[in-house]
Amino acid sequence: MRLEPKPAPSLAITLLYPIAAIILTLLITSLLVLAAGASPFSVFYLVWRGAAGSQFALLETLTRATPLIFTGLAVAIAFRAKLWNIGAEAQLYIGGVVTVVLGTGLLPLPSFLLIPIIMIAAMAAGALLLLGPAVLKTHFGVDEVVTTLLLNFIVLLFVSMLLEGPLKDPMGLGWPQSSKVIAEAQLPRIIQGKRLHYGFVMAIVSAIIVWVVMKKTVLGYEMRAVGHNPQAAAFAGIPVNRVLMKTALLSGGLAALAGFCEVSGLKGNLTLDLSPGYGYSGIVVAMLAMLNPIGVVASAIFVAGIFVGADAMSRSAGVPSYIADVMVATSLLTMVVAILFTRFRLRWK
Amino acid sequence: MEALDILLTSSFWVAAIRIASPLIFATMGELICERAGVLNLGIEGIMTVGAFAGWFTVYSGGDLWTGVLVAALAGAMFGLLHATLTVPLGLSQHVVGIGVTLLATSLTYFTYRLLLPEVTSPPKIEPFQPLAIPGLSDIPVVGQALFNQTPLTYLAFVTVALTAWVLYRTPLGLAVRAAGENPSAVEAQGISVTAIRMGAVMAGSALMAIGGAFLTMSAFNSFFFEMINGRGWICIALVVFGSWRPGKALLGAILFAAFDAYQVRLQQFTGGIVPYQIFLMMPYALSILALILVARRATYPKALMVPYQKGER
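Residue numbers (my numbering), protein chains in the order written: chain A, 1 to 349; chain B, 1001 to 1313.
Since the hints were derived computationally from the structure, they do not count as laboratory data.
Anything over 10 Å on all C-beta distances counts as not near chain A; from chain B, calculated: (1) 1008; (2) 1009; (3) 1177.
Pairs of lysine to any residue, SDA-like flavour, derived with a Cα cap of 25 Å: (4) B:1302 x A:228; (5) A:82 x B:1305; (6) B:1310 x A:228; (7) A:6 x B:1310; (8) B:1310 x A:342.
One side only, chain A facing chain B, incomplete, derived with CB under 10 Å: (9) 1; (10) 3; (11) 318.
Note that beta-carbon positions come from the ideal geometry of N, C-alpha and C, so glycine has one too.
Given only the sequences and the hints, what does the whole structure look like? Please build it.
Have a look at this one:
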């Protein structure tokens, strides 16, 4: 058995592969649904209805997609340069920390000043958090996968320390949570009385900006060159280490925006369950989108829909909601196989 | 100085070896994969699977050693998945590894909820009991630590010796090491690189799963969510720290576990002045520090993370 390269397929064919991956994922997870004693058709229908069957469901899916777009973009931009940032979870939490440090009354400014300041500060914090592992990679030869993964645990403990110490809400009845951000630091809701907030619009705008950076700028070209072949890029005069560091700053900054939006747009305060693994799901989102920034928006909505839909399904059908996590993880693996077959064919001999 | 007296107590070393045991299994597992040229980031999820599979086997009436065997088989199955995607298909070992961890973890949680829908507190099993080796366990300070542990801890030490012996003293070990250094040379000998690598990943994953099972069947007596808690990632750091050599990796694991056991005891001296989270951070920070210290002179297996296609150069 061997792999043979094949000519690049047309756009239409390329789009068929993710669909094939999703169908394969549904088939595999059907087995689990059957094991749980339910009918796959009714379960998948309930997931669909829970994710997109009503205005409420749809808005909930888009709300859940917002942080996933940011972490998905963070991963997409980093993976494009083969900078393996598995630490979006930590960068997200640092973004949340900065938001509550500056947004709970420390800076008494009007919204139009306060929100941009918090955003920039959060991005800077997330960027710096990833710069550490990036510098360790470029200057010390330390693999960034392990350092970013380990930092996730360190940062979560750090947040826990803050929430039981300096950032603890004095009115929180002893719970490890921060105070609420002031009204001026809150992102407004898109529709009055609904949970969907302007963070979603920011996420879409970010996706477009990242697309422009990746496709239309020298930096984007350099990132792709470094990701494709660092030796060749260095030979062509591209400053590989500097490109990797710029990539790290962008990626960390984007992931931190996820934390900012969750606190400022949705939750209002920082808790230890701010993110149910958005940093890790961001990897799936990015891969499903084949690292395309615009595709990230679509795949984030898809992944968010699975989570939101599975929660609703679980309440009525009694299949554990962890089925959503299984579906998302399975789709990551089926997707990388699908991407492989857009570029290679399998020859048996 | 009271803080230093800890190092002379028998209970400290008993705890250190107990903390080291799961790390030793999983580190050997990762080491075998990497020596064959495959980075296995599925480790964290595979340990979760092992922890659950071993515990659940015993909980549903199997005996302890059957539990260990079931855990190993479950681990090997996820190893097979990882190997199929990364070896013959040559997919990114980073992405597949993270994917296997996400899948193994979520599948474990799903299964747990499915099989035990009603439980609120995790059910307990009767775990492995310490087995004192007569005579040797009476040696002061280290006797209890080395010779009054559970059978699984003894197995961990046997695993290190066995891994070292196979890797350095058998033709199979030579083929595994060569697959990680110079795969074409292996193929030139008429041995399939694909088979060697897949076998190594499956065997390594089985060991990772036993490492996970140690937690539910020897260190504790029940399964709970997020109990692996980054131990898998720490083991990846330990492999680098041990320069991909079983003996050095064993020392690294024990040193690491000793630090971990020490910080728990040190917490009692600080009397709540230092937040407990600082102590909990130390294992992870220590792992990063260890990586930084050894990174410059680390000699990675040359073909690590390089997919191999027959007949290609």
